[in-house]
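Asks: Here is how the chains run, residue by residue.
There are 6 protein chains.
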Amino acid sequence: MFPTKKVQTMIGQMVQVEMKGDQHILEGTLVSADEYLNMHLSNTVEIIDGERAKSLGSVVLRGNNIIIINPVEN
Amino acid sequence: MFPTKKVQTMIGQMVQVEMKGDQHILEGTLVSADEYLNMHLSNTVEIIDGERAKSLGSVVLRGNNIIIINPVEN
Amino acid sequence: MFPTKKVQTMIGQMVQVEMKGDQHILEGTLVSADEYLNMHLSNTVEIIDGERAKSLGSVVLRGNNIIIINPVEN
Amino acid sequence: MFPTKKVQTMIGQMVQVEMKGDQHILEGTLVSADEYLNMHLSNTVEIIDGERAKSLGSVVLRGNNIIIINPVEN
Amino acid sequence: MFPTKKVQTMIGQMVQVEMKGDQHILEGTLVSADEYLNMHLSNTVEIIDGERAKSLGSVVLRGNNIIIINPVEN
Amino acid sequence: MFPTKKVQTMIGQMVQVEMKGDQHILEGTLVSADEYLNMHLSNTVEIIDGERAKSLGSVVLRGNNIIIINPVEN
Numbered sequence: 001m002f003p004t005k006k007v008q009t010m011i012g013q014m015v016q017v018e019m020k021g022d023q024h025i026l027e028g029t030l031v032s033a034d035e036y037l038n039m040h041l042s043n044t045v046e047i048i049d050g051e052r053a054k055s056l057g058s059v060v061l062r063g064n065n066i067i068i069i070n071p072v073e074n
Numbered sequence: 001m002f003p004t005k006k007v008q009t010m011i012g013q014m015v016q017v018e019m020k021g022d023q024h025i026l027e028g029t030l031v032s033a034d035e036y037l038n039m040h041l042s043n044t045v046e047i048i049d050g051e052r053a054k055s056l057g058s059v060v061l062r063g064n065n066i067i068i069i070n071p072v073e074n
Numbered sequence: 001m002f003p004t005k006k007v008q009t010m011i012g013q014m015v016q017v018e019m020k021g022d023q024h025i026l027e028g029t030l031v032s033a034d035e036y037l038n039m040h041l042s043n044t045v046e047i048i049d050g051e052r053a054k055s056l057g058s059v060v061l062r063g064n065n066i067i068i069i070n071p072v073e074n
Numbered sequence: 001m002f003p004t005k006k007v008q009t010m011i012g013q014m015v016q017v018e019m020k021g022d023q024h025i026l027e028g029t030l031v032s033a034d035e036y037l038n039m040h041l042s043n044t045v046e047i048i049d050g051e052r053a054k055s056l057g058s059v060v061l062r063g064n065n066i067i068i069i070n071p072v073e074n
Numbered sequence: 001m002f003p004t005k006k007v008q009t010m011i012g013q014m015v016q017v018e019m020k021g022d023q024h025i026l027e028g029t030l031v032s033a034d035e036y037l038n039m040h041l042s043n044t045v046e047i048i049d050g051e052r053a054k055s056l057g058s059v060v061l062r063g064n065n066i067i068i069i070n071p072v073e074n
Numbered sequence: 001m002f003p004t005k006k007v008q009t010m011i012g013q014m015v016q017v018e019m020k021g022d023q024h025i026l027e028g029t030l031v032s033a034d035e036y037l038n039m040h041l042s043n044t045v046e047i048i049d050g051e052r053a054k055s056l057g058s059v060v061l062r063g064n065n066i067i068i069i070n071p072v073e074n
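Protein chains in written order, with my numbering: chain R, 1 to 74; chain L, 1 to 74; chain Y, 1 to 74; chain C, 1 to 74; chain A, 1 to 74; chain D, 1 to 74.
Same shape as in the complex, but just chain R (with noise of 0.2 Å):
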């Protein structure tokens, strides 16, 4: 399966992204991806220091600052 294919497996689950900048680790529900691997998550919270830090609700990822996409296992 495709990079792209395997992401939008994901959708409807949460899942964690690490991006450049400021706010390393995100964690949030999958809303939706495209093909630059562009995301909508809901629920969005940062991830400090392995802790739930602040809510960040419904947010947009560009998917060239993204750098790992995990699924998160419940």
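There may be inaccurate statements among the hints.
All copies of an identical chain are treated as equivalent in the list; a pair is satisfied when it fits inside any one copy or across any two copies.
Only pairs whose alpha carbons sit at most 27 Å apart, straight line, appear in this in silico DSSO-like list of lysine-lysine [stated by the list, open to error]:
hint, residue 1, residue 2
1, K5, K54
2, K20, K54
3, K6, K20
4, K20, K5
It is worth saying that the hints were derived from the structure and are not from the lab.
Here the structure is a predicted model, which means the values were calculated and not measured.
Start from chain R and add chains L, Y, C, A and D according to the hints.
Replies: Same frame as chain R, but now just chains L, Y, C, A and D:
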């Protein structure tokens, strides 16, 4: 709804944008956005330590340097 | 008006551009810009600590390394 | 053999990938890669100081944030 | 004149290029440039503290890592 | 000769490549390169402080993270 569509729904509303570079957090009214997530904001202010620190007025942001787009709740 | 169109309206006017890299803030007259937001500026100066610090003359800026474009009010 | 073809020959094998960002070195089994070098790895671990430090499981990596791809010799 | 056209007019002339990465400022004769602003320079030298510090000869520069292109006045 | 063509002429030869990220300078034999300047090198070594410090063997480099490509003179 695709991420770029989600951004279109924010037009006319206040958004917070985290950018790469020195002026990390900007807040302004979204005037327009294109498929690359280039954005035109009006009444833009830079947020430093959670404070509205500096008025930038009308700005254009290069999409690939946008990290997170966040609608501002009223 | 789309972001790239907005930039076209600034042609012939003074703009301030924040770039990635060592020369963060540049100010100059916008000669041209293309769809990637590559820009040609004339009479460019580098701004350091809010001062016009160094004259660079005619420069070409690579669009993907532009963070913010800001029209300069007279 | 073109670089993207070379990466295709590594499918099913262990690869080491240096990324931009905080988790520099990852090691995992290459499940798939596309023309942008977006990659899907399984059984991924983060390598810190040459040690397999942290298990990440199944991850998707954004191609433009990959610096070096290295097949792991057995 | 569009930015990429402006760069074409510099072919055969000395240019100064600010790059991302460790060798920030390069100076050389522009041999060719393409639409992505990938550039081929000959007789390239690295400039450190305004001094011609290190000879690099013939180099190819990746366009997306170029920040500023500056014609060198004689 | 266009920059990407220039790189094609280096195939089979030793090249030095400056990358973004932790392993800044690599040296190896250029096996192939594509239009994005993705590169496949064999017999790759990392250069630290001008010394051939670490053998990496066969590697694939993502073009957008390449800063400078330099043919190595014999």
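Asks: Are the CA atoms of K6 and K20 at most 27 Å apart within a copy, between copies, both, or neither?
Replies: Intra 21 Å, inter 21 Å, cutoff 27 Å: intra and inter.
Asks: Have a look at K20 and K54 and pick one of within, between, both or neither, based on CA distance no larger than 27 Å.
Replies: both (17 Å within a copy, 20 Å between copies)
Asks: Please work out whether the CA atoms of K5 and K54 approach to 27 Å or closer within one copy, between two copies, in both situations, or in neither?
Replies: between (30 Å within a copy, 25 Å between copies)
Asks: For K20 vs K5, is the C-alpha pair at or below 27 Å within one copy, between two copies, both, or neither?
Replies: The answer is both: 23 Å in one copy and 23 Å across copies each meet 27 Å.
Checked against the numbered hints above, the structure violates none of them.
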